[in-house]
Amino acid sequence: MKNPKVEFCGYSVPHPSENHINIRIQMYDNLSALQALITALNDLDTLCETIEGAYDASLRSDGIERWDEKS
Amino acid sequence: MQSDIYNPRRHVGVHAEYISDVSNRDFPGHYPDEDNSWNLDLFRKKLHVKVNELSQRSIQFDLVGVDASIANAFRRILIAEVPTIAIEHVYVWNNTSVIQDEVLAHRIGLVPLNVDPSYFEFKPDAQDQATDRNTLVFKLDVTCTRKPKTAIVRGTKKAEPEPEEIYNHSIVTSGDLTWEPQGEQSEVFASKPPRPTNENIVLAKLRPGQEISMELHAIKGVGKEHAKWSPVATATYRLLPLVVLNPEKPVPPQYAEKFRKCFSPGVIDIDPVTKAVSVNEKNLRNESMNREVFRHKEFEGCVELKRVRDFFIFNVESEGTYAPEKLLPESIKVLRQKIATIRSAAERLLAEIEGEPAVQGDVEMADA
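In order, the protein sequences belong to chains A and H.
Numbering (the UniProt record's numbering) for the first sequence: 1 to 71.
Numbering (the UniProt record's numbering) for the second sequence: 1 to 368.
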């Protein structure tokens, strides 16, 4: 969605009992849809990495209210 | 507070009878002169993760700057795809209690275990080979007997005796599960023997003469397969609520107290002298959005209720297998594994396609 060269991008689940999804990626200017998919997966990977880094940094910092929870 | 939560582009309008501006319009092409394409540095600047509360069992943190699909993905992975260990196979030698075998087996399966799943492999289903790398063996051997008359200490003379007073082992709890180390497990788990996280879960009730004797095998699984393998009690998020006062139509001072009562306690401050109403930024997240303001005609137009579309307040309660602060990193790890799988498959497909010079770097449509 964030890729300006993508004309159409969508997915559907043909039947809920089967574990398949159909993804459709359509590009402008006759570009490679498969390459766009790989770029998107890489971007998603770096996104996860960034979130994990920010989360770990926040855990190490102060300002967390720690309390005792009886289970 | 967070950079610019008052930017109207980030708001979901909450009105008396409907919700407006739900979807995210942050993509290239929607705003004509702006480039909203994926930019890692911009994302890193806008991203803000802050842990607010942490206890032994639950964690509350803010995740700001991500799209709803990403936050929802983490929530779903936390519930369904982070692996845990739970009892799956129950071999009953003897069960003379009133609880049926299958009911007892179901209850035992739901008991959360205190084992780190990273030590174990998944056991391929329908395969008979149970090794010490993929199975944990527990035993449950309980017999109920009558206490000898001399050992009974009665509370009040007239009342009916409590079952615990006159019988041994009349209640079978999760604390009665004993671990049998197999193979290498005795060294690996020497410092932290596997036990149920909570010893007081009632599994069955017995009377004298009744006996339960069974062997339990625990394996690694995910919540998708059965809820007993879910590492969280609940994993939820909500969007940050916003109360925006209209500066052109302030709340009349005689209604200030009534206005304050329309919201959750602590959200609205009233200046003691001028009776001017203002919003307390720190308590804003406690607002429950019950839209009581919209019921009263005198406040019409004075206030707008909104939610911030990309500010997620996560509340995750752990069952005990993972410490709560480790849950989000585990779910991120699962997501990254899935991305890696798909990416290697896509790259392999690309290599196959590029091997044939006839096709111009694009995938051929399959004939349906």
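No wet-lab data here; the hints were simulated from the structure.
Take the hints with a grain of salt, since some may be wrong.
Claimed, not checked - Distance ranges between label pairs, derived from CB positions:
hint, chain 1, residue 1, chain 2, residue 2, range
1, A, N30, H, H106, 55 to 61 Å
2, A, E65, H, D101, 31 to 37 Å
3, A, S61, H, I270, 31 to 37 Å
4, H, K282, A, G53, 25 to 31 Å
Bear in mind that the values here come from a model prediction, so they are computed numbers and not experimental data.
Ideal Cβ positions, reconstructed from N, Cα and C, are used throughout, including at glycine.
These are the hints, each one checked on the structure:
The beta-carbon spacing between N30 (chain A) and H106 (chain H), approximately 57 Å, falls within the hinted interval of 55 to 61 Å. Between E65 (chain A) and D101 (chain H) the C-beta distance comes to about 46 Å, which lies outside the given range of 31 to 37 Å. For the hinted restraint 31 to 37 Å between S61 (chain A) and I270 (chain H), the CB-CB distance of approximately 34 Å keeps it satisfied. The hinted range of 25 to 31 Å is satisfied by K282 (chain H) and G53 (chain A), whose Cβ atoms lie roughly 27 Å apart.
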